[in-house]
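Participant: Produce the complete structure using the sequences and hints provided.
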Amino acid sequence: MKKIVLSLFVSFCVLALMSNRSGRGSIFGVGLTTSPGESGAYCGSVGCHFSGAFTPEVNISLLDSDGNSVSKYVPGQTYTVSMVADVTGTPAGYGFQIVSLKDADNSGINDWSDLTSQMQEFNINDRKYIEQNNIINSNTIELTWVAPAEGSGSVSFYGVMNAVNGNGNSGGDGADTSSVTIIEDVMSSNTNNNFDLVAVYPNPVESFINVRTTNPIKEISVIDASGQIMQRIKNPSSTIDASNLSSGFYILNIDFGNGENTLEKIIKI
Numbered sequence: 000m001k002k003i004v005l006s007l008f009v010s011f012c013v014l015a016l017m018s019n020r021s022g023r024g025s026i027f028g029v030g031l032t033t034s035p036g037e038s039g040a041y042c043g044s045v046g047c048h049f050s051g052a053f054t055p056e057v058n059i060s061l062l063d064s065d066g067n068s069v070s071k072y073v074p075g076q077t078y079t080v081s082m083v084a085d086v087t088g089t090p091a092g093y094g095f096q097i098v099s100l101k102d103a104d105n106s107g108i109n110d111w112s113d114l115t116s117q118m119q120e121f122n123i124n125d126r127k128y129i130e131q132n133n134i135i136n137s138n139t140i141e142l143t144w145v146a147p148a149e150g151s152g153s154v155s156f157y158g159v160m161n162a163v164n165g166n167g168n169s170g171g172d173g174a175d176t177s178s179v180t181i182i183e184d185v186m187s188s189n190t191n192n193n194f195d196l197v198a199v200y201p202n203p204v205e206s207f208i209n210v211r212t213t214n215p216i217k218e219i220s221v222i223d224a225s226g227q228i229m230q231r232i233k234n235p236s237s238t239i240d241a242s243n244l245s246s247g248f249y250i251l252n253i254d255f256g257n258g259e260n261t262l263e264k265i266i267k268i
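Position 32 (the sequence shown) corresponds to 31 in numbering that gives the first Met the number 0; numbering is contiguous.
Please note that a few of the clues may not be correct.
As the list claims (entries may be wrong) - Lysine-lysine pairs mimicking BS3-like chemistry, simulated, CA-CA at most 30 Å apart: (1) K127 - K101; (2) K71 - K233; (3) K71 - K101; (4) K264 - K233; (5) K264 - K101; (6) K127 - K71; (7) K71 - K217; (8) K264 - K71; (9) K233 - K101; (10) K233 - K217; (11) K101 - K217; (12) K264 - K217.
It is worth saying that the hints were derived from the structure and are not from the lab.
Facilitator: Rendered as structure tokens:
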């Protein structure tokens, strides 16, 4: 049975390559980035686009407006996603596929733009994939991407690139996958760090956190070092139960509901 499934998959890849250069995802409705929820396969792993003249090494990075690679995103800010295939030799061109997912639930972060005429998008289970619709000459893919809303937590990009010789066959090509995880920059939110508004103690904390303030609090979010929201307490009392938190560094995002909030660092022991 495994041999039959493998043969069918290889046949599918060969058919996609030979019959159309416009991207197998949009034709067959399949993601091949090795992201969570996919089969884990990509064409280079089972014989399609298998390595011949080319052995690409693919890297994905997130660039800010100055072109600098970043490891954190600011919610709502616009970035450039860059995917580069380092390869020896001179391929006739490249194909690719990429998707962006929220790590908390593997849902799509789908705000992509600035696709060239050689690119297209398609959707699978509310995930927006970007891929080529013809052979691309450059080994660098750049796309505009808008970071998700505050509290989304870490985001991962999953991609695959093919270096092809353009002869219409599966041999002599090469493929590689890559992924990168970008955490949310919780300290960059629109905050008012007015320490006269709030007192948080004890710190470090073992079980319960006391929050004292002269203003009513609408909501408190407890955020871990990766940007993931661990607790969200609406209309909280003056005491927060932190006993279920693992040891480590956290941020309390205290929202007063009037356009003001403050961030407090705590250490759970």
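Participant: Provide an ascending list of the numbers of those earlier hints which the structure does not satisfy.
Facilitator: none
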